Structures are given as C-alpha cells and as structure tokens.
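> Residue-level listing of the chains:
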Amino acid sequence: MIDQRIIWLFLGVGALLVVASIIGFVLSLYVKSDGARATVGNLNDRVRAWWIMVAIFAIAFWFGKTVTLVLFALTSFYCLREFITLTPTRPSDHRPVAAAFYLFLPLQYYLIGISWQSLFSIAIPVYAFLLLPVLSVVKGDTIDFLQRTSKIQWGLMLTVYCVSHAPALLLLKIPNFQSNVLLLFFLLTVVQISDVLQYVFGKLFGRHKVAPNVSPSKTWEGLIGGGFSATAIGASLWWITPFNQPEAAVISFLIVVAGFCGGLVLSAVKRSLGAKDWGAMIEGHGGALDRMDSVSFAAPIFFHVTNYFFVP
Amino acid sequence: MIEYALIGLTRFLVGGHPHWQGTIPSDRQRIYFANHGSHLDTILLWAALPSHLRATTHPVAALDYWGRSRLHRWIAIRLLNSVLIDRRGSRGEADVLAPLKQKLAQGRSLIIFPEGTRSNERLPGPFKSGLFNLANAFPKAELVPVFLENLNRAFPKGAILPAPISCAVRFGTPISLRADEGRDEFLSRARTAIIALA
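Chains as they are written, first to last, in our numbering: chain A, 21 to 332; chain B, 1423 to 1620.
It should be emphasised that the hints constitute simulated quantities derived from the structure, not laboratory data.
What you are looking at is a predicted structure, and each value in this text was computed from that prediction instead of being measured.
Built from N, CA and C at the ideal position, the CB exists for glycine as well.
Careful: at least some of the hints might be erroneous.
What the hints assert, rightly or not - Cβ-to-Cβ under 8 Å is the rule here; a few derived chain B residues that face chain A:
hint : residue
1    : 1539
2    : 1542
3    : 1572
4    : 1578
5    : 1585
6    : 1586
Claimed, not checked - Far from chain B, by Cβ distances over 12 Å, these chain A residues were calculated:
hint : residue
7    : 32
8    : 69
9    : 75
10   : 100
11   : 104
12   : 107
13   : 120
14   : 157
15   : 159
16   : 191
17   : 227
18   : 234
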C-alpha cells in the first residue's frame, strides 16, 4: 500500500510547479529585450519539462519498486548512450560497449531488484572493471587502448553504478522505517531543488563565477543562496526520513555539495569532449545526463551515509 | 504495425534523428546516396524520411545478404520496400543495375550506397560506378547526398547486436551530373558532397 504522505508530497511539488508556471507566464508578458526573452523562453521550457519529469516519477512511485527500477534503468540507458555517443570510441570498442549496455546495466538493476546488496556494490567496480578491457583486447586494436578503456569504464561507473544508488535506497532495511520510497523522494527533491535554486539565485544575484572556464553559469551567489535554501528545505523534510532535524540538515548539506561537484565535474568532461549539452532529449535542459549529473554524485554518497549510520 | 515497431526499436537504440541541412523532404524523384557503415543504414535512412515518401522510396540492398533467408527477404522486400541487386553478377545478367532502372523508370526514388560494401571508417571510401550510370540514364532525378553519422560505431562489421550510440542522418544539397563531366570526376565530387556533411 502506498504511503499517504507521498501523495501529499507530490501535490506539494505540483503546487510549486503551478506557481513556477504562473511566474513564467507573467514574465513572458513583461519582458522586452531579446536577451531577456530568450532567458524567459528557456525558463518556460524548463518548467514544462519539469511537469513531464515529475509526472513520470509520480507514476513510477505509484506503481512501486519494479516500475521505479525500470524507470531508473531507462534513465541510466539514456545517460550512458549520451556519454558513449560524445566519447569518441572506435568500432573495435563495440564489444565492451555492448557488454556495458546489455549485460552490466540490466544486471545492476536486477541485483537491486532482488536486494543482493553485496554483489550490487561490486558488480561494476570489480567485475565490469576487469571484464571490459578483456573484451576490448581480443580485438587486437592497441591504438589509444588505455584512453578508450577508461572512457567506457567512466561512463559505466557514472551513469549506471552511481545513478543506480538512487533506487537502491529502496533495499535498505532501516529499523522503524518502512517507507524507503520517501528516502528516494528526499534525495531527488534536495538535489533537484538545489539545482533549480542555484540557477534562480545565480540569475538574480550572480556576479562572481566559481569556475569560469568550466561552467560560466555557476556563480558563488547562486551556490551559496541556492545551496543554503536547499539545505533548509531538506532539513524541513526531516519528518519523511528516519533522520532527526539536525541530521536531516547535515545530510541535505552533503547532498547539495555532492550535487554541485557532480555538475561541475561533468561540465568539465563535457567541455573536454567539445560539447555544450549532453544531448537534446529534454527541452530547455539539454540531455538526460544534464539533469542527472548532480544525482550521479549525490546518490552514492547519500546511500552510503544512510547505510553506514542508520542500518544496523 | 511491424513497420512502426521496427522504427521505434531503431529509434530507441540508435536514435537516427534526420537533419535536413541542404534540402527539404520532397515528392520529386530522388536518388539518395549515403556512406555505408552497417546493416542498420538502410532502416535508419528509410525511417528518417517522412512516412508518405517511404512508400515510393526503395532502398537498394544486396541479394547475397538480404536474400539469404525467407526472413531477411521478407524484411527487405515487404517491410523496407527494397530492391535487391545481385552485386556479384553471378546470374550472368548483362546489367546488374536493371532492377534499379526499372524502379526509376516507374518514377520511384532510390536509396543507394555507392561504396558497394560496408566500411568501418567514419568517411566513405571510393565509389563504384553505379551512381554514375544511374545519374547518366536518369538525368531528371535529384541526387541527394546523405551522411550517416556514428553507424560504424553503433553496429560495425562483424557485430551481432547494435550498441546504443546516437546516430544522425544528414541530408545535403542535391547535386547533378554536369554535361561534360567524366565518370571519375563525378564520383569523386559525389563522395566529397557526403564528406562535406561529416
């Protein structure tokens, strides 16, 4: 039976989106200059995409663990596809790439599905790590061998292993706490609201860039304003988690910092590959990986901290 | 139904978004010519066309591969609307291109891969003379260069399954055979037209 609280939480998110849609509509009536019109247009595209993404997650949460796992597996699939597409692999890398997609991606989510935690945490770092270069080496192509192998490993770790730690929260056995889906909601809300608020604070007050060569849109004003607001929102959600208020604040802060680092590191990876966005799948946002970059860093940290301190 | 399932599966795995860079979709008779990296090329290019053009556009496929089993033949002819050609000329026919000329004479469009075989390289190799002969015999058909991006990575020669790597289909500006143009000159210009889209 679905936890009643999740319905109220999604209604709350819906209310936020209604407010955002109204603000976007009103702004679109008042902006005059071309630059501002482009910004508001992008804002409205983002809000529309958020409606769709929230609807998809609401449906997955409603149907429970299996559908949620399938949704995250598809998310990993699209992120890995974007990563490998931009990464210049060679035709002789076909076997390890196919193994990453058809063997390790489904295996990872299957292991979460059957709650085999010990194997789920080493399947990719140990077995994929060792098997993928073996599949590569039999083709006998030694040009850039280390670079090619590392790129596939990196893509698989990031888009499958790291991202899968979000739905893996469902398998944690925390005493006196059964609604693990609320933990997943907590993680996604804090990460995404932190991204959104950093964007909003950055647009309103941003002056000083954090790393101008890596990501021109990230500013100290955005990071501090958005980061602390998101931490406060996370702390105020303590009642849906097994944490008390101070714990929820500290953990939210960790999620915010990890998410920020994920966005920054993946921006650098993107730039080194000569791209601005990972893809064009989500209107206004870019690719799937543009939306999951912060989740991929925050999820494993949140999973580990929760598992270490709250699972006996 | 199966047509849409096949297109859906292809889109899910390798994308194949069409980019009409040098031209727009048109009912005019056309010969689309593209670089050849994988068995998915035919499906992807064909799926990139608007559905009303698919009915009158015939991909050219090799008889020795697509004619080897009833299933292959069914996919090629019934589903993809292909024309099969015997590229080895093993039946001793005078003109390997005869089935293609027949389709063109009916006013239909064609999709051909002038390299004649798949290559694992990103850019196309030298072209066989088929494209020149067709251009010569049917001067009214527009010759549309098409660059298929990433397909040699997604489904290289010898692979069993295609790997999910996003591919793109780029349509360039149509070319035509000039009055005094020789075969080699024309073929190298056609090849350059594809490379310009890469």
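> All hints, please: hold or fail.
Okay, the hints, checked on the actual structure:
Given hint, residue 1539 of chain B at the interface with chain A, is violated; its Cβ is 15 Å from that chain's nearest Cβ, farther than 8 Å. The interface hint given for residue 1542 of chain B is met, as the beta carbon of that residue sits about 5 Å from the closest beta carbon of chain A, less than 8 Å. Checking residue 1572 of chain B against chain A: minimum C-beta separation of about 7 Å stays under 8 Å; hint holds. Restraint check, residue 1578 of chain B versus chain A: the minimum CB separation of about 4 Å is within 8 Å; hint holds.
About 4 Å separates the beta-carbon of residue 1585 of chain B from the nearest beta-carbon of chain A, less than 8 Å, and the hint is met. The interface hint given for residue 1586 of chain B holds, since its Cβ lies 5 Å from the closest Cβ of chain A, which is under the 8 Å cut-off. Every Cβ of chain B is farther than 12 Å from the Cβ of residue 32 of chain A; the closest lies at roughly 33 Å, confirming the non-interface assignment. The Cβ of residue 69 of chain A sits about 18 Å from the closest Cβ of chain B, beyond the 12 Å cut-off, so the non-interface label holds.
The Cβ of residue 75 of chain A sits about 20 Å from the closest Cβ of chain B, beyond the 12 Å cut-off, so the non-interface label holds. Listed as a non-interface residue, residue 100 of chain A fails to keep its Cβ farther than 12 Å from every Cβ of chain B; the least gap is roughly 8 Å. Once the 12 Å rule is applied to beta carbons, residue 104 of chain A is inconsistent with being away from chain B; the minimum gap is 6 Å. Consistency note on residue 107 of chain A: stated as away from chain B, yet its beta-carbon is not over 12 Å from all of that chain's, at 9 Å minimum.
Not every beta carbon of chain B lies more than 12 Å from that of residue 120 of chain A, the smallest distance being close to 8 Å; the non-interface claim is violated. Once the 12 Å rule is applied to beta carbons, residue 157 of chain A is consistent with being away from chain B; the minimum gap is 16 Å. Distance check on residue 159 of chain A: its Cβ comes as close as 10 Å (rounded) to a Cβ of chain B, failing to clear the 12 Å threshold; non-interface status is violated. Its beta-carbon lying about 27 Å from the closest one in chain B, residue 191 of chain A satisfies the requirement of being farther than 12 Å from that chain.
Every C-beta of chain B lies more than 12 Å from that of residue 227 of chain A, the closest at about 37 Å, which supports listing it as non-interface. Non-interface status of residue 234 of chain A relative to chain B is upheld: no Cβ of that chain comes within 12 Å, the nearest being about 24 Å off.
When held up to the earlier numbered hints, the structure conflicts with 1, 10, 11, 12, 13 and 15 and fits the remainder.
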